[in-house]
Amino acid sequence: MKLHTCLIAILAASLICTIARADDPLRYNVPKAPDNSFLLTQAGDWGMPITRLIGPNFRFTDHPVPNVTFRLAWDERDLILLADVEDKTPNEAEDLRRLYSRDSIEIYIAPSDRPRYRYQLTIAPGYDHHQPRVHVGDRRPDGSPELSYDVQRLPREDGYRLLVRLPFSNLDMQAKAGQRLRMQLVLNDGDASNRRRTFVWYPSGEAHRNPDATYEIRLATKSNDRHEVAGVADFRGFRDIVTLVQAPKDRAGQKVRLYEDGKTVGRGQLTPDGEMSVARIHLPLEKNQPERRLTLAVDGDKVASVAIPRTFSVASAINQLSFGASTTVFWEKEFPPCDFERKTDAQDALGWYRVETNYYDADLNEVTEAARPGRYAAISKITAESGETFTRYTVLYRSPEKVEFPWWAEGMAMVVDFPPGFGVDERVAQREKRVVGNQFTHAFRQTLRSDGWATLLAGLHEMDADGPESVTRTSPAAMSGDFMARLRMKVENYQYPFAVSLPADYEESGTERYPLILFLHGAGERGTDLARVRNNLVVKHVRGNDLPFIVVSPQCPPGEWWSSVVLDALLTQIGQTYCVDPDRIYITGLSMGGFGTWDMIVRYPDRFAAAIPVCGIGDRRDMGRISDLPVWVFHGDADDTVPIEPGIQAVEALRAAGGRVRFTIYPGVGHDSWTPTYTNPEIYSWLLKQKRGVPAEPKFQ
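Everything in the sequence shown is counted per our numbering, starting at 14 for the first residue and increasing by one.
Heads up, some of the hints might be wrong.
Think about it this way: if two alpha-carbon atoms lie no more than 27 angstroms apart in a straight line, the pair counts; the simulated DSS-like pairs of lysine-lysine are [stated by the list, open to error]:
1) K394 <-> K235
2) K189 <-> K315
3) K702 <-> K712
4) K45 <-> K101
5) K189 <-> K45
6) K702 <-> K553
7) K503 <-> K346
8) K268 <-> K315
9) K300 <-> K356
10) K45 <-> K346
11) K346 <-> K315
12) K553 <-> K704
13) K276 <-> K235
14) K300 <-> K415
15) K356 <-> K346
16) K101 <-> K262
17) K315 <-> K276
18) K300 <-> K235
19) K45 <-> K300
20) K356 <-> K394
21) K262 <-> K189
22) K346 <-> K415
23) K300 <-> K346
Here are the in silico distance ranges between beta carbons for each label pair [as the list claims (entries may be wrong)]:
24) R306 <-> T102: 46 to 56 angstroms
25) P618 <-> Q452: 17 to 27 angstroms
26) R193 <-> T102: 46 to 56 angstroms
27) M476 <-> Y507: 43 to 53 angstroms
28) R547 <-> A328: 14 to 24 angstroms
29) A188 <-> D653: 12 to 22 angstroms
30) E521 <-> Q302: 44 to 54 angstroms
31) T654 <-> E695: 40 to 50 angstroms
32) Q662 <-> K300: 43 to 53 angstroms
33) K300 <-> P618: 47 to 57 angstroms
34) L550 <-> E369: 40 to 50 angstroms
35) E521 <-> P689: 26 to 36 angstroms
Keep in mind that the hints were calculated from the coordinates and are not lab data.
Fair warning: this is a prediction, and the values are worked out from it, not measured in the lab.
A virtual CB, placed ideally from N, CA and C, is assigned to each residue, including glycine.
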């Protein structure tokens, strides 16, 4: 009886240990560095080699992974990394804060037992600076030891080789066998066209936000571990998840297994594929699943982790599916139906869905037929099988007559002013206008589902033939945007949600009227959570310095752009609700909000006392409308998101119109020109000096 009990206990303990080992995070043993430190300057056989990265951007691609080897080792003082990168198109970012956007490596590191005690180094090879350049992201708590590191660039003709030493003292830990750390390595490759491809030693790129998106490494005296197999997962439409496993060519024929919590979820086999071997494993796809981490095993050995991305919700699927009218340009009274372009994908994502569409004319009235030529709109309500509902908007245009382009007929003759870079002689373009027109006609016929054609034709149809050439404010796109905004405001009572910050003495002030700042955020703060805009830099500075401004911060919905029509209605509402001085209304915005600021002031120049657009662009052809409005423009000259050149052109045009304009350029600053702007007390003092109709800013001389 005792023997039987012991056997059961032993088997149970064995099972528990097996399960525990299966659930352990994948860990790599990093060996101690050779005694001969000279070996560290060579790409020889030392340390733990990492030769297989995932990328670019963690999706399937035909682009090859660059020839790169990372080697990890350690000694009594440092964790040691050698990055050996082949790169025949050097391209390095100038802005120190944006080194990641071009050729560079990124290192994320933390103790395993304190994953939030971490720091990050972004290292550029320093092609033009003759030494590596480093940007530090220190997320360790206050009172941590001083952060130190040593980076050396070693000679290589066809790329770069970096030797990086990271003292263990940075993590407040001792170097000894058995110590465990969490780490992620990233290779950024900027090609000649300034596009960046990102490759990672871990199948997720979120280490800067999520300390768990890392591999665990263990300091060992010796190790045969190496990282030469990697897997990446991606969606195949809305049907299933495909995991692509990449390994060296000599591993072809080996069995591949994916498991989660000790349970096998997928199997495959490596087969030859060019210079490597690959396996593809299909996994079922379920909606609304969080990101999962699977373990990848080859011939029974755990070799890597695979991140299964968070699966889609119905709302996110809707945004990925193309929806619209069967044709946006039509010529009969009957409206074209609206539906998803790929109905099978929609059914996979939404289940059995239904679409109900209402149509509206150019006067914003609901109609059942297109009684006359001109602009129309469709508002479609989509109901998914889950009961969730979504709304989509489509611009339509009814032409006065039937227009057809049979495949055999000649198209429209068209003269195109080709950019010089295409190498087309303007005389040839003039002579071959029918050839060019045929190509345009073919494109038109093939893309009539796009409401871009309806937008263009409706706008041109409504323009006065004797009027001036359109500018951004009066373009067909702006006309359609304004029309749709007014329609949504009428039909849905559409408006932007907003946060308001009031002066400290607002409640006790009685009838006193206060100056107002309308703050427009950038594209990154779009959404449905006002917390993302509530405590912006303008609000923080105004509150922190007890300035007498009301600050209104609206939030633009996901995927949309600022509408000046909606913002104008918001200002009217604010003026009726709060004690606002109508002669001291100011507007400022950054990036997308900078564009919105320019658009608002050229549309409604008499509404504002002053404006501060930050890293945005205005239409230089429209600057005469704001020649009496004080404007202070800010831009970084190293901005590669919103280039400074068109911003300079707008300022020069405003100066030529006799505008009241200041222009501050931040040397060497990239896209983030808002931080030095909104933390500068001078801009708030300048605003308070400006009053509508009596500007304190002199005209530019």
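Hints versus structure:
no.: 1; hint: K394 <-> K235; in the structure: violated (64 angstroms)
no.: 2; hint: K189 <-> K315; in the structure: holds (25 angstroms)
no.: 3; hint: K702 <-> K712; in the structure: holds (15 angstroms)
no.: 4; hint: K45 <-> K101; in the structure: violated (32 angstroms)
no.: 5; hint: K189 <-> K45; in the structure: holds (10 angstroms)
no.: 6; hint: K702 <-> K553; in the structure: holds (21 angstroms)
no.: 7; hint: K503 <-> K346; in the structure: holds (24 angstroms)
no.: 8; hint: K268 <-> K315; in the structure: holds (12 angstroms)
no.: 9; hint: K300 <-> K356; in the structure: holds (18 angstroms)
no.: 10; hint: K45 <-> K346; in the structure: violated (79 angstroms)
no.: 11; hint: K346 <-> K315; in the structure: violated (65 angstroms)
no.: 12; hint: K553 <-> K704; in the structure: holds (23 angstroms)
no.: 13; hint: K276 <-> K235; in the structure: violated (31 angstroms)
no.: 14; hint: K300 <-> K415; in the structure: violated (45 angstroms)
no.: 15; hint: K356 <-> K346; in the structure: holds (26 angstroms)
no.: 16; hint: K101 <-> K262; in the structure: holds (24 angstroms)
no.: 17; hint: K315 <-> K276; in the structure: holds (14 angstroms)
no.: 18; hint: K300 <-> K235; in the structure: violated (44 angstroms)
no.: 19; hint: K45 <-> K300; in the structure: violated (45 angstroms)
no.: 20; hint: K356 <-> K394; in the structure: holds (16 angstroms)
no.: 21; hint: K262 <-> K189; in the structure: violated (36 angstroms)
no.: 22; hint: K346 <-> K415; in the structure: holds (11 angstroms)
no.: 23; hint: K300 <-> K346; in the structure: violated (41 angstroms)
no.: 24; hint: R306 <-> T102: 46 to 56 angstroms; in the structure: violated (34 angstroms)
no.: 25; hint: P618 <-> Q452: 17 to 27 angstroms; in the structure: violated (42 angstroms)
no.: 26; hint: R193 <-> T102: 46 to 56 angstroms; in the structure: violated (38 angstroms)
no.: 27; hint: M476 <-> Y507: 43 to 53 angstroms; in the structure: violated (26 angstroms)
no.: 28; hint: R547 <-> A328: 14 to 24 angstroms; in the structure: holds (23 angstroms)
no.: 29; hint: A188 <-> D653: 12 to 22 angstroms; in the structure: violated (40 angstroms)
no.: 30; hint: E521 <-> Q302: 44 to 54 angstroms; in the structure: holds (53 angstroms)
no.: 31; hint: T654 <-> E695: 40 to 50 angstroms; in the structure: violated (25 angstroms)
no.: 32; hint: Q662 <-> K300: 43 to 53 angstroms; in the structure: holds (48 angstroms)
no.: 33; hint: K300 <-> P618: 47 to 57 angstroms; in the structure: holds (49 angstroms)
no.: 34; hint: L550 <-> E369: 40 to 50 angstroms; in the structure: holds (43 angstroms)
no.: 35; hint: E521 <-> P689: 26 to 36 angstroms; in the structure: holds (34 angstroms)
Comparing the model with each earlier hint shows violations of hints 1, 4, 10, 11, 13, 14, 18, 19, 21, 23, 24, 25, 26, 27, 29, 31; every other hint is respected.
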